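These protein sequence lines are chains A and B, in that order.
Counting from 1, position 189 in the first sequence corresponds to residue 189 in our numbering; the numbering is continuous, with no gaps.
Counting from 1, position 168 in the second sequence corresponds to residue 1168 in our numbering; the numbering is continuous, with no gaps.
Any given hint could turn out to be false.
As the list claims (entries may be wrong) - Examples of chain A residues toward chain B, derived with CB under 8 Å:
#1 87
#2 97
#3 157
#4 159
#5 161
#6 163
#7 165
#8 167
#9 170
#10 179
#11 180
#12 181
#13 182
No wet-lab data here; the hints were simulated from the structure.
These numbers were taken from a predicted model, which means no experiment stands behind them.
Cβ coordinates follow ideal geometry from the N, Cα and C atoms, glycine included.
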Amino acid sequence: MFFQQLITGISVGGIYALLATGYSLIYSLLDFSNWSHGEFAMVGAYIAIVFSTMLPFPFLVAAMIGVAGGALVSWLTEKVVYRRIRSTGGPNMFLMIGAMGLSSVFQQAANLIFTGQYRSYPFKLPVSTIKIAGAYIGVLDLISLIITAIILIFLMYIINKTQFGLNVRGIACNQWGAKILGVKVDSCISKVFILAGCLAGVAGILYGAKYNVWPTMGNIGLKAFISSVLGGLGSVPGAILGAVLLGIIETLVSAYVSSSLRDFFSFALLIVILLVKPSGLLGVDVQDKA
Amino acid sequence: MMTDMLKVTDLKAAYGGIHALRGVSLKVDEGEIVAVLGANGAGKSTLLKCISGVMKVAGGSIEYLGKPIPKKPFEIVQAGLVQVPEGRQIFSKLTVEENLRLGAGLRADTTGMEEDYKRCYDLFPRLAERKKQYGGLLSGGEQQMLAIARGIMAHPKVMMFDEPSLGLAPVIIKEMFDVIKQINEEGTTVVLIEQNAQLALEFCDRAYILQTGKIVAEGRGEDLLKDESMIAAYLGE
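Hey, can you work out the whole structure from these sequences and the hints?
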């Protein structure tokens, strides 16, 4: 039983991690909380619904289109909204408020187009299980876990081993210094939004496959926020660690305490972290931004 | 005959309504060390920001190798003009090695890059010892070395130094200027911004003196050095 819950917890945590890493990357570059980040997951999930249930596409193709859609919308928000707000030189608070506005726009639009009805993908995966070491593990949980792990390893590789990743970390550390050295700052920021949108799209589809798709499902963005704070805001490995921990805690609370208290525990944890260790578990404090 | 490496003509720039540069003209020949001196607020850093493309020019022109300078900062770096900025602007959460790799980000010539890594570590053995350390954990002098090395990694034709002596001990300053001399002798043109006039005039080939956004004097370093009244009037020493 415990093993089963643990796998479910890690799997849910993986979905949070896909969102939390993108959220964290954007935070590290632009110093603002992207409250519309979860909506990219919702957009991706709905696009996959449209292509797999209303149009005759195989689910995998629909899912890929959904991921691309999440990336496109994420990139557009940067291009149309955030970059313009930045060019006015206003405080970062404007970016956050803009993000809140975008979040409402996306949720309302989804409500208008698709109504509030819960929708699901055309397969029965959620109910099938396989027996491993005496426990019944959800097939969907396992698939989700494997996909997430592969994507996150790939992401860590991009961030730590490629020139693009180095540029991103450089901008996060000192945007002005990076610009002077010839780093293409705006182009890097755009690419990060595209990357974050892809990750969110995958998260949305996996989440939708597990719990259905509905207009306000983007609120799982809040869980990405809690994960990032738990792991250390702006740190990608921290976001992954925080997300997996949060997924496990939520699943265990649901299983052994009460599922209605799940969010109560999550947000209580957020407040405790902010009070006790605001830098998070992996928040490195070498030196603050110069 | 020498080429005009860099030619600035009647350059104007402003912060909001405040004029920081009111028509600055200067030129730098290939292989020279040219100093731009002036008191705090004279417009020295503004001049470099304009040349680096990170500040909007309000009037006048900047030519590089006989053509108008590219507009975007990365195009300017790619063309061979690199700034070692004031305050060093080290990437504190990246290692020394990563700082250098970031400096070489626009290059595709792998062999040339390997040679330049070696060159940086030869120039600054202390950086070689600290390859894996975070930039933020280096001392002030080491950070200045890293900033210079990072500039070298972009393989510039012109290197512009903004106050490399700022906040450093005299013995480190001497070391830094020796390195700048060496970089120049190896074929890189140098533009040097300094508040420490005595030091810079001894060191440079030619110098311009900037006061409240205008060039008020220019000449060979040693000639300006002899003109004590001028130094007293404009550089406050």
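How the hints compare with the structure:
1. 87: violated, 12 Å
2. 97: At about 25 Å, which exceeds the 8 Å cut-off, the nearest Cβ of chain B leaves the hint on residue 97/A violated.
3. 157: violated, 15 Å
4. 159: violated, 12 Å
5. 161: Status violated, d = 11 Å.
6. 163: holds, 6 Å
7. 165: Nearest chain B Cβ about 10 Å off; hint violated.
8. 167: holds, 6 Å
9. 170: Nearest chain B Cβ about 5 Å off; hint holds.
10. 179: holds, 5 Å
11. 180: Constraint on residue 180/A satisfied, holds at 5 Å.
12. 181: Since chain B brings a Cβ to about 6 Å from residue 181/A, closer than 8 Å, the hint holds.
13. 182: holds, 3 Å
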